[in-house]
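**Student:** Each chain, written out:
Protein chains: 2
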Amino acid sequence: MSEKTETKAESPVGIVTPKDFHSDARLELDCGKSLRDLNIRYETYGTLNPDASNAILVEHALTGDAHLAGRHDENDRKPGWWDEMVGPGRPFDTEKYFIICSNVLGGCSGTTGPGSIDPDTGEPYRMNFPVITIQDMVRAQKLLIDHLGIRKLLSVVGGSMGGMLATQWAISYPEMVSSVIAIATAIHIPAQAIAFNWVGREAIMADPTWNGGNYREQPQKGLAIARMLGHITYLSEESMRHKFGRKLQSSEDYSFDFSTDFRVESYLNHQGNCFVERFDANSYLYITRAIDYFDVSDQADGDNFKVFDNVHCPFLVVSFSSDWLFPEYHGRDMARTLIENGNDVTFCNIRSDYGHDAFLLEAETLSKLMIGFLNNIYMED
Amino acid sequence: MSEKTETKAESPVGIVTPKDFHSDARLELDCGKSLRDLNIRYETYGTLNPDASNAILVEHALTGDAHLAGRHDENDRKPGWWDEMVGPGRPFDTEKYFIICSNVLGGCSGTTGPGSIDPDTGEPYRMNFPVITIQDMVRAQKLLIDHLGIRKLLSVVGGSMGGMLATQWAISYPEMVSSVIAIATAIHIPAQAIAFNWVGREAIMADPTWNGGNYREQPQKGLAIARMLGHITYLSEESMRHKFGRKLQSSEDYSFDFSTDFRVESYLNHQGNCFVERFDANSYLYITRAIDYFDVSDQADGDNFKVFDNVHCPFLVVSFSSDWLFPEYHGRDMARTLIENGNDVTFCNIRSDYGHDAFLLEAETLSKLMIGFLNNIYMED
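These protein sequence lines are chains A and B, in that order.
Here the first sequence is numbered in the numbering used here, starting from 1 and rising by one per residue.
Here the second sequence is numbered in the numbering used here, starting from 1 and rising by one per residue.
The following block holds chain A by itself, in its conformation from the complex (with noise of 0.2 Å):
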């Protein structure tokens, strides 16, 4: 997703402080190797109820991360990645809710990664983490969910890679969730996206600083090359051309010369170099194969429809007209199948221009449908 713009606007969640949760569990993963002494960052906004029903678990993207709204300083430029959808009268309605977002394993965000260190050899991982799934981090995510006492999340949430962790949920702890909201997600990547995550990494790993992922400092050009060439499929053709069309990052003429000269190319230079500051190679390349891996179908013997068979909560499947990395048919056939299955599913298909990252922008149509169909649930449930 997008870096948000910098904005003084008050969060109403104001100051958040992120916890860490430690585990002492042994997490069996999909590769048949585990992990151990996990550390899970999250952070809470609202009050659980006494019966810990009104918990809700949002699920954040390839590049996000635990803060999902407020400041953790007075200082901080900007809020947390979804801060428009969390505060009271909002979908996340901390006056209603308890909201726990955190960060996935393998993350680079105060969850276990392959910069962590590795109780067994007191060394960070590195390349040595193992190959993870979205099912390895749901797992991990379970530990937490456990811990804070919750035996029911009212509601799993996520957008794009989120929405294959909150459908994983259902999926893998079907008696643990009482509904499912999915946003340009799918229940496996399309071919395409394959491609993309696998450009992505090669051009990490063809940076020499990269070094087998034993680098003392970010591989800035390969990371900023996987950053942009994401950053343009998060975008729609209709979005860039609105935003950037063909203008010159000066008033002259071309220059002649291979520098910034487009406007568009200076705003993915100013992606990338944001990028590298906050986020880490190694992790990239984890979490894009955890998302290349994800295909509900491998879970039931290539049965996208057996995989369902215990899942029965109701769904909210969102997607973008103008997403063409998730396209529509993806959020369709998800609804689709769950219909078949009996699920009571809502399918929206919204019509905006802003690509795969409408699901940051669009908040306040996706806050309508967000609001109505947890407050159902919550009556509900």
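Since the hints were derived computationally from the structure, they do not count as laboratory data.
Careful, some of the hints might be misleading.
Same chains, same names: a pair is fine if it fits in one copy or spans any two.
[Unchecked claim] Lysine-lysine pairs mimicking BS3-like chemistry, simulated, CA-CA at most 27 Å apart:
1) LYS247 - LYS19
2) LYS33 - LYS247
3) LYS96 - LYS19
4) LYS306 - LYS243
5) LYS247 - LYS306
6) LYS96 - LYS247
Position chain B against the provided structure of chain A, taking the given hints into account.
**Tutor:** Coordinates of chain B only, in the frame set by chain A:
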């Protein structure tokens, strides 16, 4: 455009010998600099008639060359890049027409480009090569056409960048062009395509082997990344889904590492590796920059119509339904502009799943359109 798959089918063109035209003229360029001692590599097919009225100039795309059809040698594994279109009964009918294809200025397949020797220094130009434009490429080709004694081209034909060159020919030398066939192209490229070109160039320039353009061996990793990225944009989501889906390289499970698990990954790798064997990294930089800079409205104070003021020849404009690099609306806009200008325009949006590469893959449909169009021009001329 994509690598062609190997084919042993006999090309009706047979063995072709590339030719070189050396020009003593000084070529004044849009950037304000000039070039001298130009070499232009070209191939011809068929026979020029006595009044030199049956010549068709075919323009190649970004990574193409002068080798349009036939084989250079009996042992060549593959014929030229658009072999299906050349020969008796085909659009470029060698019994009727004299077909010319030349490598563009800035290229790496025989025509003067950044890898050529700068006559002023005796050293290769490398990054001292001036930044060229599509107009400059056309100016260089004009020297060749004059040399061949051709005063008027029956048609100028091209796909993708080749379509830009064909259109520019009609704008630059309206009295020399009897018709234009512009396929999967645009009168300027959109922001998204500028963005992809930018990331491709950044990947090349980030490769330390590139070394400011002063490499001894190609910056293989960077150039392969640029190619893989380009390649994704030449296909469509649909064609990748049908061709690769989520198929694995081996029939077994995921590798749980970062090697080529999926067929689409292996395919891209192959495309990248083949490309670095045959293309030059600096040429890639210069040619993509020329594509970025192409905007016919720049040639008439921002007015698309005015630029076609002196252009009165018929156009065949073709787009493809799944081409997202040069979406259909570009072809439609170009056709509309020309129609309002009073030109005789045939516009066709061909339904195809092949994406941008359809211009090479939809040979049968294109052939029918082109045979009819060219025949009309030939009869009238």
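**Student:** State for each hint whether it applies.
**Tutor:** Okay, the hints, checked on the actual structure:
1. LYS247 - LYS19: neither (44 Å within a copy, 41 Å between copies)
2. LYS33 - LYS247: between (51 Å within a copy, 24 Å between copies)
3. LYS96 - LYS19: Within. Shortest intra-copy distance 21 Å satisfies the 27 Å Cα cut-off; inter-copy 78 Å does not.
4. LYS306 - LYS243: between (44 Å within a copy, 26 Å between copies)
5. LYS247 - LYS306: between (51 Å within a copy, 20 Å between copies)
6. LYS96 - LYS247: Answer is neither; intra-copy 46 Å and inter-copy 45 Å both fail.
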